[in-house]
Each structure stands twice: as C-alpha cells, then as structure tokens.
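**Student:** Heads up: the sequence lines are chains A, B and C, in that order. Count the first sequence with our numbering and you get residues 1 to 174, in order. Count the second sequence with our numbering and you get residues 1001 to 1174, in order. Count the third sequence with our numbering and you get residues 2001 to 2174, in order.
Any given hint could turn out to be false.
Said to hold, decoys possible - A few chain B residues facing chain A, derived, Cβ under 7 angstroms:
| no. | residue |
| --- | --- |
| 1 | Ser1013 |
| 2 | Glu1126 |
| 3 | Val1127 |
Claimed, not checked - The calculated DSS-like cross-link candidates involving lysine-lysine, where the alpha carbons are at most 30 angstroms apart (straight line), are:
| no. | chain 1 | residue 1 | chain 2 | residue 2 |
| --- | --- | --- | --- | --- |
| 4 | C | Lys2018 | A | Lys18 |
| 5 | A | Lys171 | C | Lys2018 |
| 6 | B | Lys1018 | C | Lys2171 |
| 7 | A | Lys171 | B | Lys1018 |
| 8 | A | Lys18 | B | Lys1171 |
| 9 | C | Lys2018 | B | Lys1171 |
| 10 | A | Lys171 | B | Lys1171 |
| 11 | A | Lys171 | C | Lys2171 |
| 12 | B | Lys1018 | A | Lys18 |
| 13 | C | Lys2171 | A | Lys18 |
| 14 | B | Lys1018 | C | Lys2018 |
Because the hints were derived from the structure by calculation, they are not lab data. For every residue, glycine included, the Cβ atom is placed at its ideal position computed from N, Cα and C.
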Amino acid sequence: MADLTLVLGGARSGKSRKAEALTLAAAGALPPVYIATAQAFDAEMAERIALHRAQRAGQGWVLREAPLDLAGVLAEAPAGAAVLVDCLTLWLSNHLLAGHDLEAEGQALRAALAAREGPVVLVSNEVGLGIVPENALARRFRDAAGRLNQDLAAQAGRVIFVAAGLPLFLKGGA
Amino acid sequence: MADLTLVLGGARSGKSRKAEALTLAAAGALPPVYIATAQAFDAEMAERIALHRAQRAGQGWVLREAPLDLAGVLAEAPAGAAVLVDCLTLWLSNHLLAGHDLEAEGQALRAALAAREGPVVLVSNEVGLGIVPENALARRFRDAAGRLNQDLAAQAGRVIFVAAGLPLFLKGGA
Amino acid sequence: MADLTLVLGGARSGKSRKAEALTLAAAGALPPVYIATAQAFDAEMAERIALHRAQRAGQGWVLREAPLDLAGVLAEAPAGAAVLVDCLTLWLSNHLLAGHDLEAEGQALRAALAAREGPVVLVSNEVGLGIVPENALARRFRDAAGRLNQDLAAQAGRVIFVAAGLPLFLKGGA
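Only chain A is shown next, with the shape it has when bound in the complex (with noise of 0.2 angstroms):
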C-alpha cells in the first residue's frame, strides 16, 4: 500500500513547492513522477503548462497528464516510484465540469491509492473557509472537494497543512 502524503493549503500558499520537496525527499532509485491535472482551456494556459512541463523535465521528472483518469495514470507509474499529483482540486473540478458521478471518482481514486506500492504525495486546495458561494455549482464543488479531502486525509499516513509557505502537522510527524 501507498505511503501517502496529503498537502493542503490555500491558493499560493506554497502547498506545491512543499509537495514537491517531499517527493523528492521520499524518491528512492526510480525517477519520481509528476503528474499535472491541469486542463488548459485557452492558449495562456497551454503556454503555462508548457513551462511547467519543460522545468519539470529538465529537474529529473517522468511527467504524465491526467486531467480526468488520475487512477489510470497512478495505475501505471513504475512500482516504487515517488509520485506527485499537482493537485486534487483541478482535477475534481474537471469531472464537475465534465457532469460525473464526483463521489465514483473519489472511491476510484481512493482504490487506485491503495493499490500502489511506495510514496505518493497529494496536493489539494482548501476552499471551505470563506464565506458561503452565491454560485451554487461552487457550493457543490466545495462540499465535493471538502468531503474528498477528509477521506484521503483519512487513508493519509502524512497530512500537511501548509500556509505562507510553512507547514502545520495535522497527522504523522515531521
């Protein structure tokens, strides 16, 4: 079973930068995997993704995509293999947006997580800590992307909270 990490924290909290580093840190003889779930929907973002992809490379990454199949991709990175999702949030929000069943998608991810063998860190939004959304398909991802949270926290050996770059041990030590 997967030795999983959950990093949370808010928008450039510096959540990715921590993940990263304990990826790094828990990589054994295997390269670690990056795998990105950002969707670009508009040439600014291709051009974003693009330059994440080329550093990435250049730092020693396998990098995959998985903007809508994460437990795919988790399937077949090599056993043993560090891996890195960046981040849970984009991805929920692309199956919202995409009209699936976001509960099938979090017990498929959940499966695929325990199925794996050596360390897998996460990285995941929160958003519930604001005031309640007007819109009412952000409530419903938020309740989502809440619920999500608590059950990988709950399979997690590791949560991190992360803000202004500095981490908080939620589970698991430092």
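Given chain A, work out where chains B and C should sit, using these hints.
**Tutor:** Chains B and C alone, transformed into the frame defined by chain A:
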C-alpha cells in the same frame, strides 16, 4: 459553569462529526442533547433536516431545535446533560436575516452558556479566510461571525480547529 | 536586521489585537510606532480611521500612515523603535488599485524590513482558503497576497496564524 468546547472549521471539514464524538465522550448518565439551528427554507432542506433528526434520535440523542432562541433552549436542557450545538453559523445567519441585533444575541448566548452546568460543544464555521465578499450583507455576516468566534473562544476551555477531519488544538489539550 | 514577526489570520480573527500586544511587549524605551495602511474612500471609513487614530495616540503609540509608501515610512521610523504595520493586505490592495507593479513593491518592502533595526510586527490577511473568486482582479490580488505572505514568512523569524483570537505558531516559538 459549562465545560465549554468550541469546534471551528470550514465547510465539509468534518467539524460536526468531531463535535458529536466529543459530546458523546463527555456525556454522563443523562442522554446527550443535540440542538440543531438549521431552518428549513424549502422542501429539500426540510427533508435533509428530517433525515438528520431520525438518525440522531436512533442514536440516543435528545433532539431540540433552536433556529433563533438558542439561549432559551440551552436553559431548558437538563442540568448536567452534555449538549451539542450545530451550528452557530446558521444560528447567527438566521438572526441576521431576521434583522436582529447580533451583538445582543451574542451576549445572551454567552450568558446562557455561562449559566449551564455540564459539557457544551459548539460547532462554528470559520468564514473569514477568503477574499472580501462583494456582497455587503456577506461582509457584515463575516465580521459578526468572526467576532462571535473570538468571544466564544475566550470563554471556552478548549478550542479545536478541524481541517480534513483532523483536529488542531488552539486552546486546551487533546 | 529587523526582528520580524508576521501575524496571519482571517477577517475578524483577532490578528490585529494579537499583533498590538506583541509589539508592545517587544517595545523598549522608545515609543512604539503604529503604521496604518488604510485609505479612506468615503466618510464612514474616514471616521473609523480617525477613531482608531485617537485610540492609539491615547495609548502611547506614534502614529504613521502608509497607504502606499510603506518602505519610506519604515525607513523614517526611529532606529530601535518597535513598529507595527496594520495591515499588508490593505497596502497591497492600494497598490493593486493604483496599477502599480506588486512584485516590485514587495521587493522594496522586503529591503526596507531587512534594513530596519528593532522589532517589526506585520499583520496580513490569509485570503486564499475560499473558492476561486469569479472576479479576475480578485484572483490577481489573491495570488499576489499569497506570494507576499510566503516571501515575508521566509524573511520573518516568527510567523503566527491567529484564529478566533488564538495563536498558532507556524515558525519560531511562543
């Protein structure tokens, strides 16, 4: 004076489940009292509330409703019984929509809590960690909710922040 | 180099009160300097600011205003005096609305902090823990505020997150 615990958290953070467990753990011989503050504005919400009621009653809770008169309902609960209030954010929102004086309502609540004997667990949302809302009523609510949380945290012996189902102790021990 | 403390928190979290207490505790023989960044856009806000000014002056603070030129005002404060900046979020927002380069302003601020002698306490809002704002300017602001908080947290010796008036130490001790 009540043995007061404040459980803070975001939407779908697992704060209600944590608060229920704390209340049951603190309950003595008397059945625990569950005070719900949700108000049904439509059929869907009425159904959800009825379902919740049935679940709790089956688990041995005495059920009370306090969309507005929380101080009164707290005073009527048997002395020594463990009480759970879920949640203060809806209660405050009900008073805001009713046009009541939120400062006065907060004072009455704090007096009722000070007068109780036995454990009380309060659930409340943290709503001030997003961008300033464009809606003026939402801004007023956010300010009032933050002030209420501060006042109750000062009164409580234990304050717990819940994220992804995991507790972080802000005041008092585990 | 300044002995720097960053106090993060949500709206009405009690972060300003905590920061004031920390500044007063750190002040030596020189009177502490209170640098306010709020800008009055209407009569109501002008009145609130005037009230704040009068309260602080009565408590022995030297009052300074820095809606934009915070680096300059920091440089002018007496060497060794304890300084409180309340708050960075309004200051950043003032620069955003003025169309300034937020990255450059952040760098100038960090240089001014590095050049100071004596304790400095900075108050800043955490604004990235809600749903992605629909407003593009709000998204830009959220990103800039998160980056500023990360940069200042790296520079600070102590970082405190305040929720419901209670401190959580992210960096440095109690």
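**Student:** State for each hint whether it applies.
**Tutor:** Now the hints, each set against the structure:
1. Here the hint on serine 1013 of chain B is kept, as its CB sits about 6 angstroms from the closest CB of chain A, short of 7 angstroms.
2. Given hint, glutamate 1126 of chain B at the interface with chain A, holds; its Cβ is 5 angstroms from that chain's nearest Cβ, closer than 7 angstroms.
3. Interface restraint check for valine 1127 of chain B: the shortest CB-CB distance to chain A comes to about 5 angstroms, inside 7 angstroms, so the restraint holds.
4. Of the supplied pair hints, the one linking lysine 2018 of chain C and lysine 18 of chain A holds, its CA atoms being roughly 28 angstroms apart against a limit of 30 angstroms.
5. Using a Cα cut-off of 30 angstroms, the hinted pair lysine 171 of chain A and lysine 2018 of chain C holds, with the two alpha carbons roughly 27 angstroms apart.
6. At roughly 27 angstroms between alpha-carbon atoms, lysine 1018 of chain B and lysine 2171 of chain C fall within 30 angstroms of each other, so this suggested pair holds.
7. The straight-line distance between the Cα atoms of lysine 171 of chain A and lysine 1018 of chain B is roughly 15 angstroms, inside the 30 angstroms bound, and the hint therefore holds.
8. For the hint linking lysine 18 of chain A to lysine 1171 of chain B, the alpha-carbon distance of about 27 angstroms falls within 30 angstroms, and the restraint holds.
9. Pair hint lysine 2018 of chain C plus lysine 1171 of chain B holds up; C-alpha atoms about 15 angstroms apart against a cutoff of 30 angstroms.
10. This hinted pair checks out: lysine 171 of chain A and lysine 1171 of chain B have alpha carbons roughly 18 angstroms apart, not beyond 30 angstroms.
11. Of the pairs offered as hints, the one joining lysine 171 of chain A and lysine 2171 of chain C holds, with about 18 angstroms between alpha carbons and a cut-off of 30 angstroms not exceeded.
12. At roughly 28 angstroms between alpha-carbon atoms, lysine 1018 of chain B and lysine 18 of chain A fall within 30 angstroms of each other, so this suggested pair holds.
13. A C-alpha spacing of about 15 angstroms is found between lysine 2171 of chain C and lysine 18 of chain A, which places the hinted pair at or below 30 angstroms, so the restraint holds.
14. For the hint pairing lysine 1018 of chain B with lysine 2018 of chain C, the CA-to-CA distance comes to about 28 angstroms; that is within 30 angstroms, so the pair holds.
Hint compliance for this structure: no hint is broken.
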